[in-house]
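Colleague: Listed below are the residues making up each chain.
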Amino acid sequence: MSNGTLQIKAISGHAGTVPGHDASRDYDVCKLVDVTTCIGCKACEVACLEWNGYPFRETVFDNTYQTMPDLAWNYYNLIRFNEHVATDGTLSWLMRKDQCMHCADPGCLRACPADGAIVQYANGIVDFQQEYCIGCQYCVTGCPFNIPKFNAETKKVHKCTLCSDRVGVGLEPACIKACPTGCLHFGSKDDMKDLADRRAQQLREHTSHTSAGVYDPAGVGGTHVIYVLHDINNPEAYGGLPANPRVPWTVRFWKGPLKWLGNLAMIGGLIGVTLHYLRFGPKQVKEDQPQEGGRI
Amino acid sequence: MSQLSSGRILRYNFAERVIHWIAGVTYVYELLTGLAFYSPHLFWIAVLLGGGPTSRYWHPWIGLLFSAVLFRMLRIWSSDMRITGADRAWQKAMGRYIRNEDEGLPPIDRFNIGQKYFFWVMLYAGIVLLVTGVALWFPERIPWNLRSLRYAAVLLHVSAALITIGAFIIHVYMGTAMVRGGFTSIIRGEVSPAWAKMHHRLWYNRVTGAQPARR
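Sequence order for the protein chains is A and B.
Using numbering that gives the first Met the number 0, the first residue of the first sequence is number 0, and each one after it goes up by one.
Using numbering that gives the first Met the number 0, the first residue of the second sequence is number 0, and each one after it goes up by one.
Rather than coming from a laboratory, the hints here were simulated on the basis of the structure.
Ideal Cβ positions, reconstructed from N, Cα and C, are used throughout, including at glycine.
Check before you lean on any hint, since a few could be wrong.
With a cut-off of at most 20 Å between alpha-carbon atoms, the simulated EDC-like pairs for lysine to aspartate or glutamate come out as follows [as the list claims (entries may be wrong)]: (1) B/Lys-91 x B/Asp-101; (2) A/Lys-285 x B/Asp-101; (3) A/Lys-285 x B/Glu-102; (4) A/Lys-285 x B/Glu-189; (5) A/Lys-148 x B/Glu-139; (6) A/Lys-285 x B/Glu-100; (7) A/Lys-8 x B/Glu-100; (8) A/Lys-176 x B/Glu-100; (9) A/Lys-282 x B/Glu-189; (10) A/Lys-154 x B/Glu-139; (11) A/Lys-8 x A/Asp-25; (12) A/Lys-282 x B/Glu-139; (13) A/Lys-155 x B/Glu-102.
Stretch-level coverage of chain B by chain A, calculated; a stretch enters the list once three of its residues show a Cβ under 8 Å from a Cβ in chain A [unchecked claim]: (14) 92–100; (15) 106–115.
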């Protein structure tokens with residue numbers, strides 16, 4: 000989703016500086032998902048499809064509420080239903096709205112080789128620009144949350160835009176509009192963190208969820224989608240939310256030190272063979288017959 | 000018999016030359032598009048070659064062709080590429096070769112040990128590139144709980160590619176600038192008897208029947 004109204008902070012696969020960076024200030028935006036008040040109505044999924052203009056996908060029925068098995072290139076937003084048996088034997092039905100987390104340190108952007116295919120706006124939104132996407136799917140490998148999805152037909156990768164086209168003109172994301180329980184909130188990162196902290200404290204003090212907490216993982220520099228969880232110590236129970244997400248070290252090594260080592264080796268190799276030629280020159284063959292030895 | 004009526008010696012037959020140049024052209028395409036994806040400072044190469052999506056589309060297919068050619072080369076050259084005692088003796092004196100003091104070098108067969116190492120490096124790196132390349136081609140086919148394979152693939156693919164680039168730089172330098180007559184041999188297939196005697200005495204003896212090969 001291209002958007003001219005938002006200030007750009009980082010560009011994938013880009014040699015040189017970010018044009019216009021720091022020309023104006025922007026505050027960090029954040030979506031807060033309070034999973035403790037989610038009722039799994041999937042109104043956010045419908046709103047997402049409506050706003051982005053995608054058709055409803057074919058549903059599956061496997062005797063659970065999970066009628067959509069996974070995110071898809073045209074399905075950015077999915078409630079994951081999980082039945083979790085706690086150690087004391089009590090069953091809880093966990094519902095988590097899954098979508099792009101809009102990491103402050105986005106692994107997709109780090110991994111992307113195409114100039115401008117992934118941008119990070121100054122307000123924290125990480126957005127794919129399909130017109131520059133080359134379809135390599137390195138973002139799929141870079142993402143610690145398993146979010147980007149490839150459209151094999153158009154060879155482009157898609158994911159939640161955090162409604163950058165709405166946020167850019169001062170509207171809140173479509174999913175927020177649709178939520179009937181107030182489990183979704185949108186605002187500045189500071190405000191949402193504050194709201195989330197107070198909600199988690201309320202849960203700890205007034206309910207049996209004594210380990211309730213806010214999921215804003217530091218391993219990816221914090222995220223611009225944060226969760227209030229019943230049990231902050233077990234995010235995996237919510238359908239594969241990683242406890243400590245990080246951009247894979249191989250991706251960081253590949254895009255960092257290995258690049259410099261490789262550049263040095265390649266340039267060193269070229270300099271090496273040039274110096275060899277200057278010092279020793281070519282190997283000539285002394286012909287023992289009157290004929291040319293080395294001509295085409 | 001490899002001695003031609005012109006008095007020159009056939010070093011590479013037509014099939015070998017064709018295979019070599021298919022490998023060469025496909026490798027250079029993989030190199031250029033790969034470098035474009037490797038560094039933002041080289042992304043312009045992808046633009047020159049038809050744009051990012053086009054380069055990305057063809058890179059794996061041309062890679063498959065390169066791999067197929069590598070395995071074909073293995074079939075036709077594997078016996079010639081086996082490292083022998085003569086090669087090891089030659090390797091001990093390799094400093095002389097590098098300094099162009101070729102007179103005192105032990106005689107060797109069709110390929111010297113550097114060429115053999117080049118062949119095996121490209122073959123094994125090519126296998127790594129093929130396997131990791133398929134993983135990079137279809138990352139979503141690798142289940143999420145085996146995602147460490149995706150992570151390993153990106154690192155191994157670029158590492159193997161860098162190793163081939165190092166080998167490739169030396170190969171091109173030696174084949175064009177350093178060893179005069181070498182480039183002609185892979186274009187027209189022929190070398191002069193003096194060239195063969197100087198660089199590959201055992202092979203010269205073997206193919207001309209000049210004297211029994213000392214092997």
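Colleague: Of the hints stated earlier, which fail here?
Modeller: 7, 8, 12, 13, 15
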